[in-house]
Structure formats: C-alpha cells, structure tokens
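Chains as they are written, first to last, in full-length UniProt numbering: chain A, 1 to 218; chain B, 1 to 218.
For the record, the hints were derived by calculation from the structure and aren't laboratory data.
Among the hints, erroneous ones may be present.
If chains are identical, the list can't say which one is meant, so a pair holds when it fits in one copy or spans any two.
Heads up, simulated DMTMM-like pairs for lysine to aspartate or glutamate below, C-alpha to C-alpha not over 20 Å straight-line [to be verified]:
#1 K102 to E191
#2 K102 to D158
#3 K62 to D76
#4 K62 to D10
#5 K102 to D49
#6 K62 to D14
#7 K62 to D172
#8 K102 to D51
#9 K62 to E8
#10 K62 to D154
#11 K62 to D25
#12 K102 to D10
#13 K62 to D3
#14 K62 to E89
There are 2 protein chains.
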Amino acid sequence: MRDVFHEELDSVFDDLSGIAGRVEDAVRLATSALLTGDAETAERVISADVDIDRARERVEDKAFSLLSLQQPVAGDLRTIVAALRMVSELERMGDLSVHVAKIARLRTPHVAVPEEVRPTMSRMAEVAEDMVAQLLQIITGRDVEAAIELGRDDEEMDQLRRTSFTELLSDDWSHGVEAAVDIALLGRYYERIADHAVSVANRVVFVVTGQNPRAVDV
Amino acid sequence: MRDVFHEELDSVFDDLSGIAGRVEDAVRLATSALLTGDAETAERVISADVDIDRARERVEDKAFSLLSLQQPVAGDLRTIVAALRMVSELERMGDLSVHVAKIARLRTPHVAVPEEVRPTMSRMAEVAEDMVAQLLQIITGRDVEAAIELGRDDEEMDQLRRTSFTELLSDDWSHGVEAAVDIALLGRYYERIADHAVSVANRVVFVVTGQNPRAVDV
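Given these sequences and hints, build the entire structure.
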C-alpha cells in the first residue's frame with residue numbers, strides 16, 4: 001500500500017515538473033513578445049494560461065485523493081501539503097507571465113521597453129527565465145543544492161529592480177509617464193516571478209530535508 | 001474524538017478571524033500613513049507585520065497537527081486545507097499593506113499621492129479596507145451571502161484601477177514620473193489586497209457549502 005502511495009506522490013511531482021515547464025515557456029514567450037512587440041506571441045501566452053490552470057486542478061485533485069485515501073502522516077503529509085502550495089505558486093507565475101504579455105499586447109506594434117532601458121529589463125527577464133528553468137531541474141531532481149543556490153539569483157533580481165528605478169527616475173528619462181509606468185509594473189511582475197521561484201525551491205528543500213533552507217544553509 | 005476535532009477546527013477559524021483583524025489594521029494604518037505622510041504610522045505597519053507572520057505559523061502548526069492526529073476525510077479535510085490557503089493569503093495581504101507603508105515612508109514628510117488623484121486613490125484604499133472588514137465578518141460568521149457579495153466590491157476596484165491609469169496618463173498630468181510610478185504600484189497593491197480578499201471569501205463559501213461560489217451563485 002505504501003509503495004502505491006509513493007508512486008502516486010512521485011507522479012504528483014512529475015506533474016509539478018510539467019507545470020514548471022509550461023511556466024518556463026510562458027515566461028520566455030512573454031518576454032519575447034515584450035521585446036519584439038509581437039502580438040501573436042503575446043496572444044499565445046495569454047491563451048495557453050488556461051492549460052496551466054487545468055494542470056493545477058489535476059494536481060490538486062490527485063493530492064486530495066492521496067490525502068483522503070492514504071491518510072499520510074509526518075513527512076508524507078508535509079510533502080503533499082507542500083505540493084499543493086507549489087502548484088498554487090506555479091500557477092501564479094503563469095498569471096504574472098500573462099500580465100507581461102498583456103503589456104506587450106497593449107503597446108503592439110510598438111515595443112513597451114525603450115531602447116536605453118532595454119539592457120536592464122532584458123536582464124531581469126533573463127534572470128527570471130533562468131530561475132524558472134533551474135526550478136524545473138530542482139523539482140525534477142529534488143536538487144537541494146541548486147535550490148539553495150537559487151536565492152543568489154534572486155539577489156541579482158533585487159539589484160536589477162533598483163537599477164531600473166534609478167533609470168526611469170533619472171533626469172534623462174525622455175519617454176514620458178506611460179513607458180515609466182510600464183517599466184515599473186514589468187519590473188514588479190518579473191520580481192514576483194523570481195520570488196515565487198525561490199519560494200517553490202524552498203519547498204523542495206523542505207520536502208527533501210525536512211528543514212527550511214535557512215537551517216540547511218547554516 | 002470528533003467533537004474535539006471540530007472544536008479545534010473552530011479554533012483555527014478563530015485564529016483566521018484574528019489575523020484578518022490584524023490585516024484590517026495594517027491596511028487602515030498603511031492608508032493613513034500614505035495619505036498623511038506620517039512616518040511613524042508607516043513604521044508601525046512595517047514592524048507589526050512580524051506578528052501576522054507568527055500568527056500564520058501558529059495556524060499552520062495547528063492545522064498540521066489536526067491533519068496528522070485526526071486524519072480527517074472529505075469535508076473536514078477540505079476545510080483544513082482551505083484554512084491553510086486562507087492563512088497564506090491573509091499573510092500576503094499583510095505584506096501588501098507593508099508595501100503601501102513603504103511607499104508612504106519613502107516620500108515622507110511629503111505625501112506620495114498628488115491632490116488631484118487623491119479621490120480615486122482614497123476610494124481604492126477605502127474599498128480595500130471595507131473588503132477586509134467584511135472578510136473578518138465573513139470568516140467569523142461563515143457568511144456565504146456576504147462572501148458572494150464581496151465579488152461586487154471587487155468590480156468597483158477594477159473600475160477604480162482603470163480610472164487611476166486614465167488620470168496619470170492624461171496630458172494634464174503634471175507630477176512627473178516618480179509620482180506616476182508610485183500611483184501605479186499603489187494601485188496594484190490595493191488591487192491585489194482586494195483579489196486576495198475575494199479569494200479568501202470564496203474559500204469560506206467552499207468550506208460552508210462544499211461548492212465554489214460560481215456554482216452557488218447560479
């Protein structure tokens with residue numbers, strides 16, 4: 001009976017990896033739409049989000065039926081509850097990609113990101129994408145070291161956010177209020193994607209070690 | 001044994017009401033700091049957030065021990081998992097209030113909100129505060145009708161957000177980029193507080209009726 005349980009638990013984690021893969025696509029395509037002003041790519045991200053929502057529902061159903069039928073305790077119980085939280089956060093990362101895609105769509109055929117702030121914004125997008133790509137590996141391989149490492153990328157994201165504010169609040173800013181508001185909100189969305197990635201990675205650390213990352217890191 | 005279980009479940013919901021009360025204080029005080037530029041009030045919100053975080057940990061511990069020791073199934077199981085989600089969302093609402101307070105603190109002794117957009121921003125804050133106050137009643141009284149009603153306030157919030165964008169993107173905007181970025185981010189924070197309030201209310205509907213609000217509403 002326990003073997004069936006652990007097989008099903010593995011299958012929940014396979015589903016989480018699958019969703020992380022979809023989120024990786026969403027972040028990459030939303031960024032591509034943003035930096036090229038391509039409406040069709042933006043639409044693809046927006047319409048694909050329903051697949052992430054459905055995948056989340058399937059994971060939730062599976063997790064509930066495991067909780068109900070197998071009545072896990074201790075570590076197994078915490079693992080399933082962690083999976084339920086991870087799937088909510090992954091879904092939220094998908095929603096944030098949709099927000100990025102919607103700003104891209106709103107400004108098309110123009111590009112929302114002015115040339116001179118493109119390096120910072122591109123780098124934010126790249127860090128977010130990399131973090132989601134690593135998250136996929138972390139979930140698939142239950143990789144605690146990589147999960148702890150992810151927090152360092154998040155520090156770069158925080159630094160980029162500060163740089164971005166400095167750029168758009170400088171006296172040289174010549175792109176008006178609309179572009180500044182777009183950049184501020186885009187920065188917020190990428191920052192939140194990174195925050196959720198760290199949070200999901202921390203849950204993997206907890207599932208594997210039974211401890212929160214800070215305790216493991218010491 | 002079941003009676004002890006339901007008593008403890010009630011106590012989890014009492015704790016959730018208590019946290020909703022703290023969130024209500026946080027939203028109200030953050031708004032007051034924002035609209036008056038009072039640094040001391042902003043600091044109070046920022047330093048009180050740790051109490052919300054600790055209260056969340058206590059609810060999580062209680063919910064886990066209920067899950068472990070009582071092995072609930074069906075409705076009781078779904079109620080505890082709903083409580084775990086509600087407490088995460090309430091904590092997040094506290095974090096968003098801290099973000100509002102931090103913008104207030106950053107601009108003090110000035111006020112981040114220019115006079116001419118004050119009506120819209122004040123109304124957003126008021127709607128958010130009212131929604132959190134109602135949420136407290138909804139959780140305490142397991143009030144399904146009030147929970148469904150809450151979605152309508154959220155429609156006003158969406159409308160206010162659009163008005164706010166129109167104001168700060170108009171040709172008459174004379175307050176520069178910094179104030180516009182503040183207003184856009186503040187709007188986002190209040191909107192997210194409202195979204196989370198609706199989400200928590202929906203979970204109350206689910207806990208009481210076993211159905212999601214859309215199904216109940218029909």
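To test your reading of the hints: which numbers does this structure violate? 7, 10, 11, 12
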